[in-house]
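With chain A held as given, fit chains B, C, D, E and F with the ligands onto it using these hints.
Read off the chains here:
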Amino acid sequence: MIKIEAIIRPNKLDDVKAALDALGVQGMTVIHVMGSGKQRGRTQHYRGQEYIVNLLDKIKLETVVSDAEADQVVKAITQAAATGDIGDGKVFMSRIDNALRIRTGEQGDSALK
Amino acid sequence: MIKIEAIIRPNKLDDVKAALDALGVQGMTVIHVMGSGKQRGRTQHYRGQEYIVNLLDKIKLETVVSDAEADQVVKAITQAAATGDIGDGKVFMSRIDNALRIRTGEQGDSALK
Amino acid sequence: MIKIEAIIRPNKLDDVKAALDALGVQGMTVIHVMGSGKQRGRTQHYRGQEYIVNLLDKIKLETVVSDAEADQVVKAITQAAATGDIGDGKVFMSRIDNALRIRTGEQGDSALK
Amino acid sequence: MTSSIRKRLSTGAGKRLVARPVAVAILSTLLLLLHRALEAQQVSGSIDTGDTAWMLVSSALVLFMTPGLALFYAGMVRSKNVLSTTMHSFSMMAMVGLTWVLWGYSLSFSGHGSLIGDLGWLGLRGVGAAPNPDYAPTIPHTTYMIYQAMFAIITPALISGALAERMKFGAYMAFTFLWSILVYCPVAHWVWGTGGWLRTLGALDFAGGTVVHISSGVAALACALMLGRRQHLGSEELAPHNVTMTVLGAGILWFGWFGFNAGSAIGASALASSAFVATNTAAAAAALSWMAVERLATGKATALGAASGAVAGLVAITPAAGYVGPVSSIIIGLAISPLSYCAIQLKSRLRLDDALDVVGVHFVGGSFGAIATGLFATKAINPGMVRYNGLFFGGGVQLLWRQIVAVAATAVFSFALSIAILSVIKLLSGIRVTREDEAMGLDLTQHGEVGYHLEAV
Amino acid sequence: MTSSIRKRLSTGAGKRLVARPVAVAILSTLLLLLHRALEAQQVSGSIDTGDTAWMLVSSALVLFMTPGLALFYAGMVRSKNVLSTTMHSFSMMAMVGLTWVLWGYSLSFSGHGSLIGDLGWLGLRGVGAAPNPDYAPTIPHTTYMIYQAMFAIITPALISGALAERMKFGAYMAFTFLWSILVYCPVAHWVWGTGGWLRTLGALDFAGGTVVHISSGVAALACALMLGRRQHLGSEELAPHNVTMTVLGAGILWFGWFGFNAGSAIGASALASSAFVATNTAAAAAALSWMAVERLATGKATALGAASGAVAGLVAITPAAGYVGPVSSIIIGLAISPLSYCAIQLKSRLRLDDALDVVGVHFVGGSFGAIATGLFATKAINPGMVRYNGLFFGGGVQLLWRQIVAVAATAVFSFALSIAILSVIKLLSGIRVTREDEAMGLDLTQHGEVGYHLEAV
Amino acid sequence: MTSSIRKRLSTGAGKRLVARPVAVAILSTLLLLLHRALEAQQVSGSIDTGDTAWMLVSSALVLFMTPGLALFYAGMVRSKNVLSTTMHSFSMMAMVGLTWVLWGYSLSFSGHGSLIGDLGWLGLRGVGAAPNPDYAPTIPHTTYMIYQAMFAIITPALISGALAERMKFGAYMAFTFLWSILVYCPVAHWVWGTGGWLRTLGALDFAGGTVVHISSGVAALACALMLGRRQHLGSEELAPHNVTMTVLGAGILWFGWFGFNAGSAIGASALASSAFVATNTAAAAAALSWMAVERLATGKATALGAASGAVAGLVAITPAAGYVGPVSSIIIGLAISPLSYCAIQLKSRLRLDDALDVVGVHFVGGSFGAIATGLFATKAINPGMVRYNGLFFGGGVQLLWRQIVAVAATAVFSFALSIAILSVIKLLSGIRVTREDEAMGLDLTQHGEVGYHLEAV
Ligand SMILES: Nc1ncnc2c1ncn2[C@@H]1O[C@H](COP(=O)(O)OP(=O)(O)O)[C@@H](O)[C@H]1O
Ligand SMILES: Nc1ncnc2c1ncn2[C@@H]1O[C@H](COP(=O)(O)OP(=O)(O)O)[C@@H](O)[C@H]1O
Ligand SMILES: Nc1ncnc2c1ncn2[C@@H]1O[C@H](COP(=O)(O)OP(=O)(O)O)[C@@H](O)[C@H]1O
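Residue numbers (our numbering), protein chains in the order written: chain A, 5 to 117; chain B, 5 to 117; chain C, 5 to 117; chain D, -14 to 442; chain E, -14 to 442; chain F, -14 to 442.
Read the hints as simulated data drawn from the structure, not as lab findings.
Owing to the predicted nature of the structure, the values given are computational and were not obtained by experimental measurement.
It is possible that part of the hints are untrue.
To be verified - Heads up, simulated DSS-like pairs for lysine-lysine below, C-alpha to C-alpha not over 27 Å straight-line:
| hint | chain 1 | residue 1 | chain 2 | residue 2 |
| --- | --- | --- | --- | --- |
| 1 | B | K42 | A | K7 |
| 2 | C | K117 | C | K7 |
| 3 | B | K42 | A | K79 |
| 4 | C | K117 | A | K7 |
Just chain A, with the same shape it has in the complex:
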């Protein structure tokens, strides 16, 4: 099993979810995060005090899929999340050794469906 972690723009979440839906991937976990990278921050002012904020709001979407599906899923996410401007985000893939459905105790790939 592969864990896919995608860091995307908040306003792309709807599109990405739709793309995953189209693939039949429903299981996912979404986290509000803040990210920094190449995208430059915006300047904020509070009573004239300047703060350059380079942590920007992002969404992290995690989904664990079977090895077979992984590439397809990554591709779908990438396409749906891209705008072409700096700040589109990253996708990371890593190995999951086991998965378990709490409700039933199922393990492995069958816990994911």
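Using the frame of chain A, we list chains B, C, D, E and F with the ligands on its own:
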């Protein structure tokens, strides 16, 4: 070392924490997340506009444990978090290559205790 | 590629970011989490009802770096985040199989820069 | 709360013309006659613009307390129930705001029955611009009516603190609809209506200690008993989700309470001013003593505690506000917080789930205040309305036992009726949401919306 | 909204002295003469402290509505636009608060023109302590002026709900600056100014149905059309970010609206009281009927719906408040919510992005209220100001067609001018932010700040 | 702020009866005598219901400012200190609300000393329903007393902005307790008390520029110096955690300030109306000029800036409100924001940690307003109270130097005493929390609670 990520119902956190406590596992990190899966969302209405929200509030609990403890911990979490209804959540296990306690610089298993 | 997950005190985030900046590491994702461990919680009272809260506010900082940089980055984080008191936090390292920049489709180490 | 006697006396005093040595005898005579004529006119019902201004403002202030209460309560529940709790208050502005005009005012204030009003003022027939000399001789009758409406609105909303986070919304609406008719209107008539038996008996309730706080506090107990405990009671997760909201709510309540208590003088008089001072002083003293109790009990004074204490003090001074002096109001304020605090600890030990402590604050506060009125009331403050001084001011137990009768009668009546109404609704449709809905939160399951989307999307 | 005739009548009634049998004939005569003298003085302009107190309070209450509106609107947008939306209201307190004193009051109320005021009161020259008998014979002229200022402040702020989340801040300021001069001042003069053509025609608008709600509601339509739709319209992410904020805003609006409507009696009179009752009753009825409509349409009554209904009811009763009785106000309140609700569904189907439903609430509510005034107005409630009874009270269509004329004229005028002003600004500087800035949020891109840092740092 | 002379004059003017040609000579004579008698009665103390209504409302409004201040300040701190900051304001309602009744009012207003009151009115002995002709001849003495209480409550709360996020709660309570007695009461007596030396000197302070704003602003400086800087000063993390809370707070402050300033006319008079207009106008102008300054300095106007500007304008107009016309109030409003803004930038450069800019807003605003009073005051606005016109109105430096003396004396006195009190407390128990507690947040460490649990549990 094994990283155990459990996605559970928010109102099961207390029970799960108690179960881990009973095993002597105190180190853990808890994150508010939103998840979708088999559990169907609820319909929301704002001035008659309908939104079917399928991202539901969940808790993600992460704990890194030694290889030896892993199975026991997963079992404890699973038991404490289960209600038997759809939406109970998942547990994922993956390998951690190293752990380090910032305060002391200890590494490996001894950083976890 | 190595994923470095550091759980630190919220008020150390600025220092840690500065240390990473000094190493040229700009890409990172930051999450507000709650953690429990050795650090004892604080007692809260609401109308005389006592709650011992042992989930304390922490920051989780994730950064994926090339294998070569990993040790240096961990060291920088550790130094910047340490106060010597209980509750300084942990750093976990794990393997990432692939990384992908959504904007360009670049993969591997080059997606990280 | 109001009587034509008091009003006439105080206005008369204010208008009494003092002839000066320079004024000739004939002028004195004319002035005396003129004064009588003015008095006559007063009684026959001309409107004083100052009194009317104050009563319109007071009505607005008391209305504003209900959104304040919504904040006060909603800050104390979990975020998944914040709108449900808000609706418990806001919906009373809608429902009782309407039913009061249709029949509530009539059932409470018309006629001369001893137990309940009649239907003479149904739909406000006959309630017009001309002052009603029985209730409010210097302001339009409509002003008095709408001022009273605001009390009728907030009272059932107060109950909602006990049933938070687990009652079906439909059942809540049905319960408050019936309660308003079967409990509020009669009790209001007993205490304030012409002919009402507690008024006739001589029990005193300046601004609603029995009518508002005891009746709702006891109904809250009935609700807590009938609904049972929330899941996870006692665990950390039941901590308030937004204490700043609760403190803001307490601030709005304090502000609005000036309309509630000082407005109960039904005019911009010295009596209103005296009630205003008592109100502010008791609230301050009670907030301070709650902080002190917490400091002793747990080592730390909390913001929630200060807010709770202020509200407890405001409740306790409500029945007494127009009858006691500032030193008495300090004593009342200082005393109520330890009492409420202990009642709340007792509740926790009994594992009674009066979620937001309506019993501890409103029943305990209202009862203590009503009895304190029997101890501290004095003609020196209010010669027009106090028939017997309180026990500590040399009046013996004459007033005190009347106060105890009023407390007991209101408590028994409201408790019995509340249990009965809830039992009927339980039978017909159920009163509690399912376990799953409770876990999911009432906002989503009862109202189909959520309170917050605070994160960027 | 006010006329010296009404004022004189009601005060006269209030002060009429009834001679008693005991009073000798000579005293009666003297009193009569004295009464005449007092009346004369009234007209020639002495200040009544009760009326002044009420009007100062009403001014403060209406001012407070604007921060209330800021909450009401800001709770409904996404968290990244919360400050932008807040500023749309707050900045009007700053800008119109200043321009009203400089020229706005003069353009609206001075002179006797039929279309607009003149510059006679520029910078408040000649607006002093002495009452103005045309507008407010019993209070300082400055009090009347500042009371009117608060209406001029909130009206452009109301428009901002339609343009939320996508308009450039500079363009917003320019638009409201010009709109205030070119639309608000003329329409206020038409309806309330001496010589104003709608006033002369006999159209009735007690507290601003046309001046405030129709003019802003129609301008909102113009803004929505000119700006186009927000990105992601229709997706989940456009849900309100903080409904408790919106409900608190509605609570403050309800509270402040007593100043708005009952204050429009320009005195602490029985008329003010009657308008107060109509206001509260209509708000309650409309909140309840919105809940009922939702219950039928979606199965669940929402807190956002109750708040929206209350505001719709307050809007609808605004033009009628001082002319209709309580039963009429119930009917108006019950009817407006289904109308507004349907209008909003229609808007969604047309994919018109009136973001926070200004058209559905203020244009629909204001128009309905104005027309309902033509149906329900009655001399029984307001003999001084109602020339023809409404259709349902036997007055035929005399009043009704005047009301329709007023609605139509205001709507056409405001719509045309709004489109014109926006077109000019669009040409000169653009009115909409970039796609990227819209995605990032207006708080950061237009104001360089963010609303919340709620997490511990 | 008040003098029997002003009051009598204005009331006299309002009640002057103008005989009409139709009135016979004998009636004129009788009326004249009657008028004298009424005047006499006025002086000897009858209550005007309109004035009383306005002053009760004003008292409520000023009380409401303190929860407003709690929001204004609490929105600007980090979420871990939100309750601590809230408590800094709310606890003053408790503590000073009590001590004012016990001794504060007496120390400030009783007797005829030049430096401080005496103990004649301890526990409100002798402060009753009858008006006090020295301070407020047309309202109950209790009303005047409680109105003043609200000023005494908010003043120490204002200081708390400087010491936010790092002071021990116990030390804060001890400091404000002593400061209230040793600084507030004397200064209030100097300026407003009978016999007070600044009053006798002829310095003008309509609603508390020196008493409230300078005294607290300077004490804030003392606190900032004595406590030292917060950890992490200058880093991003010190950004406000909830700006909407701050803007709502500013809205409540603006609303309440009408009671503060227009209430300081101690009656519903033309003077109150004039002060009301000046207040609103200055607030509007200052909010606008702050936005303009920000636009120039950083390219973007912020919501925090608009709110800060409004408060700065309200502070600056406070001492002048009852003495200046609308154009002067515009100038005062426009000028204060650049001044405050620069003072705040200077503070940052000096790395002085006046956390929420009490010095920049209240000391700078109060001083500027006091001096502006010396420039713009005019008998045309207030013939009863202005002895010498301001410099720009032909009065020379007569008033100006008196104003400068008042500013300097108040500033020096408050600064010295504040340092002294803090030093004593520092010695006895310490004033600052530990580094660890500061990092953890004051809510948890000082109060044992946290502000928010916004996430679902
Ligand atoms: N090395 C990294 N490790 C973890 N997260 C990263 C890393 N680099 C980027 N991110 C995340 O991806 C987001 C977008 O990256 P950024 O460099 O701004 O744009 P782009 O991906 O288009 O080059 C960041 O805000 C951050 O959350
Ligand atoms: N493949 C997955 N990857 C990541 N998270 C998942 C995955 N599947 C489910 N989850 C998480 O687990 C939660 C519960 O899953 P769901 O399918 O609704 O119920 P159940 O686990 O009982 O079948 C989801 O809300 C989501 O947060
Ligand atoms: N085994 C673990 N797995 C995951 N997170 C952990 C673990 N142990 C500790 N943590 C995180 O590290 C934080 C600090 O740990 P703690 O034991 O309190 O202090 P220290 O690291 O100084 O020993 C915790 O609050 C928790 O978030």
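Hint check results:
no., hint, in the structure
1, B:K42 / A:K7, "holds, 18 Å"
2, C:K117 / C:K7, "holds, 14 Å"
3, B:K42 / A:K79, "holds, 23 Å"
4, C:K117 / A:K7, "holds, 22 Å"
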